[in-house]
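S.K.: One letter stands for each residue in the lines below.
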Amino acid sequence: MKDNSSHHAAEELLRKVALLEAENEALQRQVQALRQEQSQQAAVKSSAAPLHPLEKVARLTNSEIARYGRQLILPDFGIHAQLDLRNSSVLVVGAGGLGASCILYLGGAGVGRLGIVDHDTVDTSNLHRQVIHNEARQGMSKAHSAALSVRLLNPHCNTVVHDLVLDSSNAQPIIDSYDIVVDATDNVATRYLLNDACVLGGKPLVSGSALRLDGQLTIYNYRGGPCYRCLFPTPPPAETVTNCSDGGVLGVVPGIVGCLQALEAIKIATKMNTQDPPTMTLFSANSTTMFRTIKLRKRKAECIMCGDAPTITRLIDYVKFCGSSATDKTPDLFLIPLQERLTCEGYKKILETHTPHLLLDVREKVQFDICSLPSSLNIPLKDLELPESIEQVKKRLNAKDEPVYIVCRRGNDSQPAVRILQEQGITTGDIKDIVGGLNLWTDKIDPSFPKY
Amino acid sequence: MPHFTVLYFASAKDAAKAESEKLDWSSGIDAAALTRLLVQLHPELDQVLKTSMFAVNMEYMDQDQSWTVQPGDEVAVIPPVSGG
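For the protein sequence lines, the chains are B and U, in the order given. Residue numbering for the first sequence follows UniProt numbering, beginning at 1 and increasing consecutively. Residue numbering for the second sequence follows UniProt numbering, beginning at 1 and increasing consecutively.
Please note: incorrect hints may appear among the correct ones.
To spell it out: a stretch of chain B is covered by chain U in this simulated footprint if at least three of its residues, at any positions, have a beta carbon under 8 Å from a beta carbon of chain U; those stretches are [what the hints assert, rightly or not]:
(1) 83–97
(2) 182–188
(3) 195–207
(4) 213–222
(5) 232–240
(6) 243–254
(7) 283–294
Chain U residues, not near chain B, derived (Cβ > 12 Å throughout) [claimed, not checked]:
(8) GLU19
(9) TRP25
(10) SER26
(11) SER27
(12) ASP30
(13) ASP62
(14) SER66
(15) THR68
(16) GLY72
Just so you know, the hints here were simulated from the structure itself, not pulled from any lab data. The beta-carbon is built from N, C-alpha and C at its ideal position, and this holds for glycine as well.
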């Protein structure tokens, strides 16, 4: 009896020891991973093309087999597809909202070499969707941060950092060094650049895009299908293109499209989709039909890029062609001479001296609801020309010569608003807008005013 | 009266302020006539349509190819999305 209970106690102790040992081991691994993160952060250098060709292997190592076991036992995937993946290289251009999920899944799945292009740095406003980065990496290069996350996830994946702005001078040799290219960019100019470079280099282009609640996915230049120019020969005018910073984007939307891009890249690398006709997948997050698949045609014989008699035979100036820069940053507009505008400091003085005036905020209501300056009147720019809007402004003026000051988020939309009110002859007083808008107001005057 | 349906995606959805709408069908609506009709209904679509593609019943249609809308067709207006 006594023997039995002491035996139990011993077993219990052994069990506890085993638990502690496992815990200790896990902690050791964490420490090691953190050390590795630190040392790799210092060691990682940007790579210039051409790269050494990826060394192909004929079999997987035991540690690779242990890691990829769940997909190795898939009848439609198996060891052959895993080897194909291990022996292929994928270039993901853009480590933002689309790249975040795409890069992680490609790295985790076992792509042999994963190149990452991005020249931006991590900012807090990225993290709701760019979940490959984190709080501690603010200010760090996105390409480095993304590569680091892949290395921490799967040390077997050979990551290559291209911390640069891709343009016609450097794109071709980089693209030529990879088997598959993923377009996870955020601007029109780079989309045309990637398309043309992939046609010239004969590479399939897995293109994804996302904005607000919508996304698109297409494989271009693949197995006789169309290129981007076949479908969209003319770039949209710069002023009609909305970026995520101005249009907004629900974080998970690019995440979903990025996952689909990773899937398509894997299917190309493992030859899973050789029978599939070219399609475009449309994703609408808040529609009852979330996914729609449009059947596409073959490439266009008359396409100036991939057609029978192409007129573009080398990369061109894409910033010029698209009339917009190769970033998704909103440029500052200067439609009105600076001396005819009001600075933040100038408006601060008007507030301090209690000078009678009307402050008109021309942002969309959804933005006005986030934050606004006291006693400002909100009429979105797109509604300002409506007769009832003009009436509303007139009603709020206490005197015919009261000045009207116009504010918006960045000091861009406020400029056309000045012109509209001037044309309407709304007051005999000043009609001026505040340079730099509410963003600059936070930076220069009131750091406690929210910035988004 | 026969109808056809127009589906609007991305910026076309914003310009038309609708996800889809049913329109009266008449014979001979080709790409150019369809563009005119849609701009007439929603002037804000003017810019969007210049760079959009059409798909009829989930199949891509060339702008310069000869096709006309048939009764019951579902026409999708698909502008490029460039964000990411």
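S.K.: So, for every hint listed, does it hold in this structure?
M.R.: Going through the hints against the structure:
Only residues whose beta carbon comes within less than 8 Å of a beta carbon in chain U count, and the region 83–97 of chain B has 3; three or more means the coverage holds. Taking a C-beta to C-beta cut-off of 8 Å, the region 182–188 of chain B contributes 5 residues in contact with chain U, enough for the three needed, and the coverage statement holds. Counting residues of the region 195–207 of chain B whose CB falls under 8 Å from any CB of chain U gives 0; the rule of at least 3 is not met. Only residues whose beta carbon comes within less than 8 Å of a beta carbon in chain U count, and the region 213–222 of chain B has 3; three or more means the coverage holds.
Requiring three or more residues with a Cβ within less than 8 Å of a Cβ of chain U, the coverage given for the region 232–240 of chain B holds, as 6 such residues are present. Note: the region 243–254 of chain B has 5 residues with beta-carbon separation from chain U under 8 Å; the three-residue rule is met and the coverage holds. Counting residues of the region 283–294 of chain B whose CB falls under 8 Å from any CB of chain U gives 5; the rule of at least 3 is met. Not every CB of chain B lies more than 12 Å from the CB of GLU19 (chain U), the least distance being 6 Å, so the non-interface label is violated.
Non-interface call for TRP25 (chain U) relative to chain B: holds, since the shortest CB-CB distance, roughly 22 Å, exceeds 12 Å. No Cβ of chain B approaches the Cβ of SER26 (chain U) within 12 Å, the least distance being about 25 Å, so the stated non-interface status holds. Non-interface call for SER27 (chain U) relative to chain B: holds, since the shortest CB-CB distance, roughly 25 Å, exceeds 12 Å. Every C-beta of chain B lies more than 12 Å from that of ASP30 (chain U), the closest at about 17 Å, which supports listing it as non-interface.
The beta carbon of ASP62 (chain U) sits about 7 Å from the closest Cβ of chain B, which is not more than 12 Å, so the claim that it is off the interface is violated. The claim that SER66 (chain U) is not at the interface with chain B holds, since no C-beta of that chain comes within 12 Å of its own (minimum 14 Å). The beta carbon of THR68 (chain U) is kept farther than 12 Å from every beta carbon of chain B, the shortest such distance being approximately 18 Å. Under the 12 Å C-beta cut-off, the non-interface status given to GLY72 (chain U) relative to chain B holds; the minimum distance is some 18 Å.
Comparing the model with each earlier hint shows violations of hints 3, 8, 13; every other hint is respected.
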